[in-house]
Each structure stands twice: as structure tokens, then as C-alpha cells.
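Chains as they are written, first to last, in this note's numbering: chain A, 446 to 942; chain B, 446 to 942.
Derived by calculation from the structure, the hints in this document are not laboratory data. One or more of the hints may lead you astray.
You can't tell identical chains apart in this list, so a pair holds if it fits in one copy or across any two.
[Unchecked claim] For lysine-lysine, the following PhoX-like pairs were computed, each having C-alpha atoms within a straight-line distance of at most 20 Å: (1) K874 <-> K552; (2) K870 <-> K552; (3) K552 <-> K903; (4) K866 <-> K684.
Bear in mind the structure is a predicted one, so any value in this text is a computation, not a measurement.
Protein chains: 2
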Amino acid sequence: MAKKIKPVRPAARLPKGFRDIEAAELCASQAMLGAIQATYERYGFEPLETPAFEFTEALGKFLPDSDRPNAGVFSLQDEDEQWMSLRYDLTAPLARFVAENYDRLPKPFRRYAFGPVWRNEKPGPGRFRQFTQFDADTVGTESVAADAEICMLAADTMEALGIERGEYHIRVNNRKVLDGVLEGIGIDPADADGAKRLTILRAIDKLDRLGSEGVALLLGPGRKDESGDFTAGAGLDDKGIARVMAFVDSGDDGLSDPLTAISELVSGSEIGQRGLAELEEMQGLLVAAKYTNQRVRIDPSIVRGLDYYTGPVFEAELTFEVTDHDGRPVRFGSVGGGGRYDDLVARFTGKSVPATGFSIGVSRLQAALIALGRSGRSSAFGPVVVLVMDRAELPRYQRMAQDLRDAGVRAEMYLGTSGMKAQMKYADKRSAPCVIIQGSNEREQGEVQIKDLIEGAKAAQSIADNKEWKESRPAQVSVAESDLVAEVKKIIARHQG
Amino acid sequence: MAKKIKPVRPAARLPKGFRDIEAAELCASQAMLGAIQATYERYGFEPLETPAFEFTEALGKFLPDSDRPNAGVFSLQDEDEQWMSLRYDLTAPLARFVAENYDRLPKPFRRYAFGPVWRNEKPGPGRFRQFTQFDADTVGTESVAADAEICMLAADTMEALGIERGEYHIRVNNRKVLDGVLEGIGIDPADADGAKRLTILRAIDKLDRLGSEGVALLLGPGRKDESGDFTAGAGLDDKGIARVMAFVDSGDDGLSDPLTAISELVSGSEIGQRGLAELEEMQGLLVAAKYTNQRVRIDPSIVRGLDYYTGPVFEAELTFEVTDHDGRPVRFGSVGGGGRYDDLVARFTGKSVPATGFSIGVSRLQAALIALGRSGRSSAFGPVVVLVMDRAELPRYQRMAQDLRDAGVRAEMYLGTSGMKAQMKYADKRSAPCVIIQGSNEREQGEVQIKDLIEGAKAAQSIADNKEWKESRPAQVSVAESDLVAEVKKIIARHQG
């Protein structure tokens with residue numbers, strides 16, 4: 446007789462860098478997405494959903510910090526052996542969509558989009574291979590009024606989420622101004638110095654993390670980090686470094702007008718002057734719409750790590766500190782950013798289509814809201830649970846649950862087959878506000894017991910004695926079966942208060 | 446001199462089988478998902494979101510009609526060369542989640558989930574490689590009260606979406622009853638006849654499409670379709686075919702009680718009797734909760750094509766006809782289905798965890814709602830557009846847009862750089878309810894013109910003469926700038942009415 450082979454069972458686990466999102470977090474996240482969406486719609490943005498896949502060549506290679514071709518994305522071949530990839534952001538698919546449908550779209554085209562994006566990068570704490578972005582973009586206008594509006598939108602979104610004025614800043618800069626500064630130290634952004642410019646951009650982008658000293662090293666000879674790894678620098682001389690750092694630091698105090706400092710630094714550069722004029726126009730629009738320094742401010746240290754920005758760049762920064770698990774103060778920093786990119790559609794059509802946009806990193810922002818205690822879960826408790834005291838009476842219990850639902854109350858009959866104790870434990874696990882109990886005694890009298898679990902939990906803390914507990918039966922009422930719905934609604938209203 | 450090489454531009458298009466979803470469809474779809482979600486929550490289901498990827502071995506091979514290994518899914522290897530796949534439904538990830546977190550979950554575990562799923566199958570008209578499913582499942586109880594409740598949930602969901610009683614049926618059957626019928630013709634479902642049983646299941650599942658005659662051929666010798674392709678049959682003899690068809694047709698008239706007919710057909714089979722008892726218990730619960738024949742009905746022709754169902758199976762069917770583009774009547778048929786599957790978690794743990802669930806095919810259901818004219822887009826029109834008559838006054842126009850937004854009105858300033866005519870065309874394309882106009886004359890008088898585009902379009906139909914039009918200026922009012930918001934709100938309220 447052949448030996449029986451033990452079946453090999455698959456392991457119940459997820460691939461590295463992926464995670465499940467459970468009810469509490471998901472409800473808060475949905476409330477958050479809803480608030481963002483309402484704000485974006487009020488600004489006249491319309492939704493668009495593109496699929497997860499794009500042709501790899503259509504996506505291009507625009508991931509920050511990944512210079513290797515195809516690095517950072519999940520790719521596979523279709524049946525015609527063409528490579529397709531999962532989107533790594535929502536901007537590249539938008540560029541493809543606009544190029545594909547340009548003629549019939551309203552111009553400017555204003556769309557918002559949210560959904561998962563995927564990055565085939567090394568996962569780490571809080572760093573996943575699938576995460577959600579929420580973007581708004583205005584495509585088809587070179588007017589910086591569109592950029593100013595994106596800043597207002599970002600500010601309004603923060604406030605719609607319960608982040609108060611003063612707890613956030615929308616920080617604005619302009620790549621043309623930075624190019625002007627670079628021109629002043631002999632780097633022509635239009636010629637072969639592209640790689641050097643990108644190194645400089647990425648050095649400045651690390652200011653938050655490395656401080657002025659670290660950035661200065663990356664602008665110059667390079668920097669050795671704590672682990673001993675060496676990052677090559679941009680090779681600027683001391684004068685060049687000083688000039689770039691003067692620019693970067695010119696918005697530092699948040700009080701003096703950085704436009705004055707910028708004006709001096711770009712005095713000899715045409716492109717720098719243009720950038721300055723754009724910043725001034727944006728500031729005019731912002732102030733007129735009452736988005737003053739407290740909400741939106743010019744800050745030359747904002748450059749963004751992406752190569753493709755061509756003008757204004759923005760970042761939404763949370764300014765408050767929270768303490769982490771070890772009691773150390775942590776600053777949340779950036780929760781979103783964006784800028785003007787005038788060449789993404791041209792990749793497809795050869796025709797430049799100016800565009801500007803803003804992207805929110807949803808899970809980072811949600812972490813901040815949780816830290817603030819403003820994560821806004823819509824309901825603090827679960828469904829009412831109708832206990833099953835007598836399986837022969839299932840139809841009766843089912844109807845009670847249905848009556849509650851018909852009245853708009855979240856409710857369920859216990860669907861398992863265990864006894865009373867397990868059922869109470871289940872109701873606890875579901876955070877039920879109350880349970881409905883009808884044994885044969887109650888049934889004969891046409892009554893039900895309603896046990897208020899929230900009230901009961903409070904009472905339990907003050908009643909030590911088991912006998913006393915049983916006698917007083919705190920937070921438990923007996924009502925006529927016909928009053929069930931009304932009584933439950935009263936209890937829920939009390940706890941929602 | 447070297448020749449300049451013309452840059453190769455990527456084509457702006459999507460891979461085969463994928464599509465973009467634009468504003469009108471997406472808004473309706475979001476409204477629909479919201480209504481389903483509210484219903485599921487009222488039933489006490491909690492949300493869960495699993496990621497797009499699972500390990501391929503964790504997903505298993507449960508796609509209907511695809512017997513080849515790995516056929517039908519998108520797969521790639523991670524950096525450890527382990528195969529991972531995009532989920533093809535929401536049930537397989539749920540089974541993995543439950544197996545992974547079994548001990549800490551409330552039992553029964555009731556969750557809903559919605560999101561995209563991916564199938565690497567041949568795309569066709571209305572058949573895409575990415576589509577949305579909306580599922581509810583109760584895991585961890587063998588009580589058919591859970592199945593009965595899923596049927597109630599499905600019925601309530603249809604009605605929440607505006608599909609009225611009588612326009613849908615939730616149809617219920619039980620695989621055990623079918624197995625009892627098969628036992629009666631000498632097919633033991635527990636032994637090696639599994640393949641034959643699956644052929645019979647899939648034959649019955651095609652009743653809608655092929656009619657009784659076609660199904661009978663597939664139960665017997667096999668069937669040649671219109672293109673000449675031959676599908677092998679299950680090889681039943683005439684008596685066997687007659688018996689299976691008698692079962693399948695026993696719910697046909699919707700009037701006589703199919704339970705009586707079933708009872709006769711499974712009289713000699715233990716498993717058949719158990720199935721019958723389950724159907725009877727479900728019917729008792731459904732009737733007690735007032736879900737009568739008109740909403741939920743037993744129909745032996747419902748079997749579902751998936752192999753893994755072990756007991757009750759359900760299908761939500763739309764019963765009304767609509768006419769297609771060519772004026773032919775089309776019946777929508779199934780928009781969702783599900784059933785009991787007791788072995789999916791056991792794949793991982795070896796321990797059987799009974800479960801039951803229901804899945805809605807969102808785009809099919811949405812097509813039905815559109816055909817019914819009940820697709821429920823939240824807003825019939827776009828944002829108010831503030832025209833730019835004088836670029837020097839941008840800050841002023843911007844503030845008007847912002848004032849409207851602050852009052853909760855969707856509004857935008859025109860962000861392009863074109864003239865009046867293009868701006869009006871833009872406002873039309875955006876379905877703006879009205880536009881705000883302030884030229885220098887109006888500005889000096891502290892006034893704005895509000896042009897009601899909806900009223901204007903109506904008036905245009907009755908005014909033929911261009912001169913008369915210009916003189917009467919229909920649907921255009923001049924108001925003090927301070928009254929702008931109040932006046933716009935009046936216009937919007939009028940059109941929402």
C-alpha cells in the first residue's frame with residue numbers, strides 16, 4: 446500500500462511590505478478620505494480613476510531616489526510580451542490620460558484621484574509597498590493662479606481634517622528661483638549639468654533630516670553617514686555652497702520677507718527673476734484670498750526630490766510635536782507636496798502641456814490625526830447584539846435584529862452556536878453598546894432585557910462584590926418587546942451624546 | 446555632424462482589458478458603494494482591507510472555468526523569488542486573513558470588503574481585467590441563520606439602491622440537495638466523481654444562457670455550440686438527465702413550493718435530506734423576518750459555478766428587461782451571488798472553519814441602475830465658474846471663488862489664459878450651473894453679473910432671434926458684489942429642486 450502523503454499547506458501570511466487594514470483604522474481612514482474629497486470637490490475638481498496597470502514605458506522613470514531603470518516598480522509582461530507596471534503614483538497615469546484624451550477634455554482639466562500605489566522598494570517600519578495617495582491636479586494652464594489655488598486647497602484640506610491654523614504650514618518655493626541661484630554660481634540648468642542639479646536638489650531636500658551642516662557636505666565634497674556609508678556630493682566650492690545655503694536659509698525665521706533675500710540672490714539671472722515674479726504673483730493671490738503667512742508661506746528650503754518640477758513647488762508640513770512610544774518628541778513634518786510639471790504630457794505628444802498638482806500621503810496624515818486625537822472614527826461602538834438564548838426561537842431573535850435595522854440601528858443576531866458566556870464575550874469584542882436578551886420567562890411575558898454594556902462597564906468598576914452585582918443588575922432594563930427599538934435608540938443616543 | 450535622433454515617444458494608451466473611469470460614472474459608482482456600505486454596516490459587518498498582492502500559493506486556484514494552474518491571475522516574483530499574485534477575488538484573501546488572525550478575532554467574524562480585483566483573462570465587451578467587487582462574509586459559524594441573513598442583506602441592498610420589490614429576486618439553493626439528487630442517480634459526491642460533479646454544476650449554471658435543452662446536452666453526451674466548438678458532457682444517461690432536470694426545473698413557476706418537489710427527489714439520500722432541512726430552516730427565518738417569496742425564493746436551478754461551495758448558494762437576480770442600443774429586450778440577470786464554503790480556511794490551518802458570503806459585481810449592478818435611470822449621481826451639475834475678464838483682477842476673482850467655497854458652494858475661478866468665448870465654452874463643458882462675470886463697468890459699480898446657464902439653455906430654445914437675445918439677456922442678473930453668495934445659492938437651490 447502506498448504511503449499517504451501529508452498535504453503541504455500554504456502559510457497564512459502576506460508578502461513582505463504589505464499589510465491588512467482593519468475596521469478601526471479603516472473607518473477613520475474613510476472618514477478622512479471623505480473630508481479631503483469634499484474639500485477638493487468644493488474647489489471644482491472632478492474625480493478620475495485610472496487602473497492599477499500602465500504600460501511600463503508610459504509610466505516613465507520618475508521615482509525619487511531611484512536612478513536604475515525599472516527599479517522601484519512592480520512589472521510583468523502581458524500576453525504580447527509587452528511590459529506593464531503597477532502605478533507608483535497618480536501623476537504618471539494622469540499624464541497618460543490627458544495625452545490620450547486631450548482634445549475632448551475641458552481646458553484647464555481639473556481632476557482629483559485617490560487610491561493605492563505600489564513601490565517595489567525595501568520595506569521598513571511605516572514604509573509599505575502599497576499605500577494610498579490623494580492627488581489634485583490642474584492641467585493645461587501656465588497661470589500661477591492654479592498653483593496659488595493648490596496651496597489654498599492644501600490649507601483648507603488640513604483644516605477640514607481638524608488640523609488647526611498654526612498646526613500646519615503650506616510652504617512654497619519655485620524651482621526657477623533655485624535655478625537662478627545656481628546660474629549665479631556658474632551652473633546652467635539647461636545644459637549637461639542636469640545630474641549635478643539633481644544632486645543639489647536632493648541635498649537640499651534632506652535639510653529636515655540632516656540639518657544645514659549635512660546639506661552643506663552634500664553640496665560640496667560628500668558626506669559619510671553614521672553607518673560609514675559615503676554619499677557623493679555635488680562638488681560645489683565653498684562660495685557656491687555658501688550661496689546655496691544663504692538661499693535655503695532665507696525663509697528660516699518665518700518673519701522677514703524671504704522675497705527680499707531671494708531678490709538679491711537672483712539679481713543677475715533671467716530665470717531667477719521669472720521665478721521671483723511667479724512667487725510674487727502667487728503671494729498677491731494668496732493674500733487677497735486671506736491665506737496669509739500663518740497658513741501659506743514662502744520657504745526657499747522647499748525643493749522636492751523629484752526631477753520633473755519646473756516652477757512652483759509646495760509642501761504641507763505639520764508643525765506640532767507629539768511624543769513617541771519612548772516619550773521622545775517627534776515632529777510629523779511633511780504630509781504632502783507637489784508642484785508644477787510642464788513636460789509630463791509632452792513625453793507622449795511632444796507638445797508641452799503645463800500642469801500643477803498636489804499629492805497627500807494618506808497614511809502619514811492619518812498617523813498625525815491619530816496622534817492629535819482627531820482621527821474621527823464615525824462611530825465609537827459596534828452593532829447591537831441580539832443574544833440567542835433558545836435556538837428554537839431563532840426566527841424571533843432574527844426579527845428583533847431586523848426591526849432594529851429597519852429603524853436605522855446597526856444590529857445583528859448572534860450567529861454562532863455557543864452559550865451565553867461566549868455570546869457576552871462576543872458582544873464585548875464587537876464593542877456592542879448593548880445586548881438584547883430574551884429567555885423563556887421574558888418571552889412568556891412579552892418582554893426583553895436590554896443590557897447596556899457601556900454603562901455596565903462603568904458600574905463594574907465601582908461594584909467589587911459579586912453578590913451585590915447580581916442583586917443590583919446595573920445597567921439592565923426590562924421593557925415590553927414592542928418598546929425594544931425605542932429603548933435601544935435611547936441608549937445609543939445617550940452614549941453618542 | 447551627427448544626425449539628431451528623433452526621440453521615441455511612448456504611446457498614450459492603456460494595456461488591453463483596462464479602462465479609465467471618468468467623473469460622471471465615478472460619482473454614480475461612489476454613491477452606489479456608499480449605499481451598499483451603509484446597508485452592510487447596519488447589519489453589523491465591519492470593514493476590512495487586504496492588499497492587492499497575496500502569495501500565489503495562498504490564493505489557491507478557485508477561479509471558475511479555469512482549470513489550468515496559475516491561469517487567470519497576474520503573478521510576479523518577489524526579491525526572494527517567491528511568486529505573488531494580484532487577488533482575483535476578495536474571498537481568498539479573507540480566508541488567508543482569518544487563518545492568520547484566527548485566535549484574536551471575534552467569532553463569528555463578520556466583515557465586508559470592497560475594492561478592485563484582477564483577472565488575467567481574455568478581455569471582451571464589458572469584460573475587464575480589473576473590476577470592483579463588494580463582499581460580505583460571516584466566518585466561523587455553521588448556523589444557516591448566517592446564510593438566511595446574507596439573503597436578507599442582499600435583498601435590502603437591492604432596495605437601498607432603488608431597485609424596487611418585484612424588480613429583483615434573491616434566489617437560494619443548497620449544494621447538499623443537489624448532491625442528494627446526484628446520489629439518487631449513482632454519483633457519490635464524496636468519491637472520485639468530483640470532476641463529473643463539477644461538470645454537472647457548470648452545466649446547470651449555464652441554464653440562463655443555454656436553456657433546458659442545452660443543459661440537458663451538457664449533462665449527457667456534450668454540446669456543439671454555434672461556432673462548431675464541442676464541449677464534452679457529464680455523460681449521464683437519459684434517466685439521470687431527466688432526474689437532474691426535474692430538480693433544476695422544480696422552482697420554475699415561482700408559485701408551487703419547490704421544497705415539496707425537492708423532498709421527493711432526495712427521499713433516499715442522507716445528504717439530500719440535510720440540505721432540505723437547511724433550506725427549510727432558512728425559509729422559516731426568512732418568513733419570520735418578512736422576507737417572503739417576492740424577495741427571497743428557493744430556486745433549484747441556482748448552483749453557482751465555483752467548486753468550493755458546500756451548502757446554501759445564493760444569487761441576486763434582476764428580473765426586469767431593458768432595451769439595448771438596437772432596441773432588443775435584454776434581461777440583466779445575475780448581479781451578485783455567493784454561498785457557504787466551509788473549507789477555505791482549512792487550506793491553511795487544517796481546521797475547518799465554516800463560512801458564508803455574498804459578492805456583488807459592482808459594474809454590472811451599476812449598468813443596471815443606469816438602465817433603470819436610478820444611477821443616483823449626487824450632483825447634476827458642476828462647479829460655479831468665476832470668469833476672468835481682466836487678468837489684473839485675478840486676486841478679486843479668486844476671492845469670489847473662495848467666498849463661494851466658504852459658503853459650501855462648489856466653485857472655481859477660470860484658471861486658463863483664454864478669452865471670454867473659450868471661458869464660456871469651458872463653463873459649458875464643466876456643466877456649471879452659472880458663471881460670475883465682472884468687467885470693469887460692473888467693478889466700478891461694485892456689482893457682478895450672474896448668468897444662469899441652465900435657465901439660459903432653456904431660454905435659448907425659445908428665442909430664435911439674435912438681436913432679441915442680446916436685448917433681453919435671459920437668465921442674467923446683476924447684483925451687488927456683497928450679494929453674490931446669496932444669489933448663487935438661490936440659483937442652485939432652484940435647479941436642485
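Results of checking the hints against the structure:
no. : hint          : verdict
1   : K874 <-> K552 : between (52 Å within a copy, 9 Å between copies)
2   : K870 <-> K552 : between (58 Å within a copy, 10 Å between copies)
3   : K552 <-> K903 : neither (60 Å within a copy, 25 Å between copies)
4   : K866 <-> K684 : neither (77 Å within a copy, 53 Å between copies)
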